[in-house]
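Put chain B on the given structure of chain A with help from the hints.
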Amino acid sequence: DVKVTQSSRYLVKRTGEKVFLECVQDMDHENMFWYRQDPGLGLRLIYFSYDVKMKEKGDIPEGYSVSREKKERFSLILESASTNQTSMYLCASSPPHSYEQYFGPGTRLTVT
Amino acid sequence: GQNIDQPTEMTATEGAIVQINCTYQTSGFNGLFWYQQHAGEAPTFLSYNVLDGLEEKGRFSSFLSRSKGYSYLLLKELQMKDSASYLCAVEDQTGANNLFFGTGTRLTVIP
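From first to last, the protein sequence lines stand for chains A and B.
Just so we're aligned: the first sequence equals residues 7 to 118 in my numbering.
Just so we're aligned: the second sequence equals residues 416 to 526 in my numbering.
Okay, chain B solo, but in the shape it has when bound:
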C-alpha cells in the first residue's frame, strides 16, 4: 500500500523561505513529484526527483532521500502568487506513470 503524509496547512510571509515536507511509505518507488494547484485550477507540474539530493529550478527546489522516505519542496523569495496547494505524489513501480498523491499542503503567503 501507499501512505503519503504532508502538513495540511502552512503560512509564510512574502519574501521569506518556506519548506514543505513530505514523508512516504510505499510498496514500490520510482520517483517523487511535486505539483502546484491554485484554488479552482488544475495541478501543474513543479518537479520530479528520482535520485537522492537536491534539484533546483529557479525559486523552487526539491529534495529527496530515498532511504528515509522523505522529500521537501523549498520555496524561496515567496510571492503572493505562491499561495496555493502543493501536492506530493509518489510514482510506484507497478505501472508506468501511476501516481499516488498526498492530501496536499495549503500554503498561504501573507504580506
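Chain A with its partners taken away, still in its complex shape:
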C-alpha cells in the first residue's frame, strides 16, 4: 500500500514563527503536492514538484516556500506564519503519468 505520512496531525504556532511541514512518501513517486483545505474553498494547490530539487508554484504560493532535497520528502515552509495561514494542509504524491494522487492524513495548523 502507498503510504504518505505527514510530520504532525495538529500544530499550533505563533504569528511570525517559521513553520516546517514535512511530508514523506514510501513509493518512490516522482510527483509531490502541497494543498491547503479551507471550508467553502475546497482544496487549493500551493506548490508541487515533479522531481528532486524541482518546484513549481500552484494557485496560492504567496507566503509559502518548499524544499525537495530527496525524492521521498517534500517540505512546506511558512517563512513567517500569519493567522490567515490557519488551515488544514494536505500532502499528496503520484507516480509520473498517473492519474491518482495519494494523500497524507493532513496537518491542522493553527496560527495564533
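No wet-lab data here; the hints were simulated from the structure.
Nothing here was measured: the structure is a model prediction, and the numbers come from that model.
Glycine is no exception: its CB is placed at the ideal position from the N, C-alpha and C atoms.
One should not assume that every hint holds.
[Stated by the list, open to error] Subject to a maximum C-alpha distance of 30 Å in a straight line, what follows is the list of computed DSBU-like cross-link-like pairs (lysine-lysine):
| # | chain 1 | residue 1 | chain 2 | residue 2 |
| --- | --- | --- | --- | --- |
| 1 | A | LYS24 | A | LYS77 |
| 2 | A | LYS9 | A | LYS63 |
| 3 | A | LYS24 | A | LYS9 |
| 4 | B | LYS496 | A | LYS9 |
| 5 | B | LYS472 | A | LYS9 |
| 6 | A | LYS9 | A | LYS76 |
[To be verified] Listing some non-contacts, in silico: residues in chain B with all C-beta distances to chain A over 12 Å:
| # | residue |
| --- | --- |
| 7 | GLU456 |
| 8 | ASP467 |
| 9 | PHE478 |
Relative to the frame of chain A, chain B by itself:
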C-alpha cells in the same frame, strides 16, 4: 481560469440512490476525478473519467460529458459509511497531474 461547481450538501436515505453533480469551466481539460473524504481523514480516489460516458465501479459510477462540462457521481445502495464529502476535481492540460478541486459535496446518509 478554473471554475468548478457542486452542491454544498445533500441528504439521502440508506439503501437509496444519490447523484452528485459537478459542472466545470476550465481553460484546459484532461480528465475529471472524484475523491471521497471522510471527516478528519485524507481524500481517497474514487474514479477518473477522460472520455464521455459512464464508468462503473461496484456501487459507484461516474459520468462525464466533455461538451457540456458536466459530470456526476452516482452512489447506489447507500450505506451509512457513505456519509462523507465528495470532491470533484479537474485535471488541466498545463501540467501533468495538476488538479483543481471543487468545494466538495457533504453527503449525509440517514437511516
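Do the hints match the structure? See the list:
no., hint, result
1, A/LYS24 - A/LYS77, "holds (23 Å)"
2, A/LYS9 - A/LYS63, "holds (24 Å)"
3, A/LYS24 - A/LYS9, "holds (27 Å)"
4, B/LYS496 - A/LYS9, "holds (23 Å)"
5, B/LYS472 - A/LYS9, "holds (23 Å)"
6, A/LYS9 - A/LYS76, "holds (16 Å)"
7, GLU456, "violated (7 Å)"
8, ASP467, "holds (17 Å)"
9, PHE478, "holds (17 Å)"
The structure fails hint 7 only (numbered hints given earlier).
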